[in-house]
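Its first residue numbered 2, the sequence shown is counted upward by one per residue in the numbering used here.
Hints listed in this document are in silico derivations from the structure and should not be mistaken for laboratory results.
Nothing here was measured: the structure is a model prediction, and the numbers come from that model.
For glycine and all other residues, C-beta sits at the position ideal for the given N, C-alpha and C.
Please note: incorrect hints may appear among the correct ones.
What the hints assert, rightly or not - Each pair of labels, with its calculated beta carbon distance range:
1. 62 <-> 12: 24 to 30 Å
2. 19 <-> 39: 16 to 22 Å
3. 66 <-> 20: 16 to 22 Å
4. 72 <-> 15: 27 to 33 Å
5. 11 <-> 60: 31 to 37 Å
6. 60 <-> 14: 17 to 23 Å
7. 20 <-> 71: 14 to 20 Å
8. 73 <-> 16: 19 to 25 Å
9. 67 <-> 27: 18 to 24 Å
10. 36 <-> 76: 24 to 30 Å
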Amino acid sequence: MRRKSLNALPRTIQKRIIEKLEGLESNPRPLGAKMLRGEPRWRVRVGAYRIIYEIRDNELLVIVVRIGHRRDVYD
Numbered sequence: 002m003r004r005k006s007l008n009a010l011p012r013t014i015q016k017r018i019i020e021k022l023e024g025l026e027s028n029p030r031p032l033g034a035k036m037l038r039g040e041p042r043w044r045v046r047v048g049a050y051r052i053i054y055e056i057r058d059n060e061l062l063v064i065v066v067r068i069g070h071r072r073d074v075y076d
C-alpha cells in the first residue's frame, strides 16, 4: 500500500496501522502475529485490515509487503 493509499483510509485506522508498524520495529513477532502458510511472510491484524510482512533476522529488517482490507490483502 502506498502512502497515498494509506492516506485514503479513515484517520483512526491510519493511526492504528502506524502504531502497529512502529511496534514491529521492536518486536516483529507480537502476540497475535501469524506466519502465512506456504510463504515466509507474517501477518498482523489491525481491525479489518492486515499488514503482511517479511522478517529478515540476519539483517534485523522488517519488510512490509502489503497493507489492506482483509478481503483484498491476500489476492
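Right, here's what the structure says about each hint:
no.: 1; hint: 62 <-> 12: 24 to 30 Å; verdict: 29 Å, holds
no.: 2; hint: 19 <-> 39: 16 to 22 Å; verdict: 29 Å, violated
no.: 3; hint: 66 <-> 20: 16 to 22 Å; verdict: 19 Å, holds
no.: 4; hint: 72 <-> 15: 27 to 33 Å; verdict: 19 Å, violated
no.: 5; hint: 11 <-> 60: 31 to 37 Å; verdict: 33 Å, holds
no.: 6; hint: 60 <-> 14: 17 to 23 Å; verdict: 29 Å, violated
no.: 7; hint: 20 <-> 71: 14 to 20 Å; verdict: 18 Å, holds
no.: 8; hint: 73 <-> 16: 19 to 25 Å; verdict: 21 Å, holds
no.: 9; hint: 67 <-> 27: 18 to 24 Å; verdict: 22 Å, holds
no.: 10; hint: 36 <-> 76: 24 to 30 Å; verdict: 19 Å, violated
The structure fails to meet hints 2, 4, 6, 10 from the earlier list, while all remaining hints are met.
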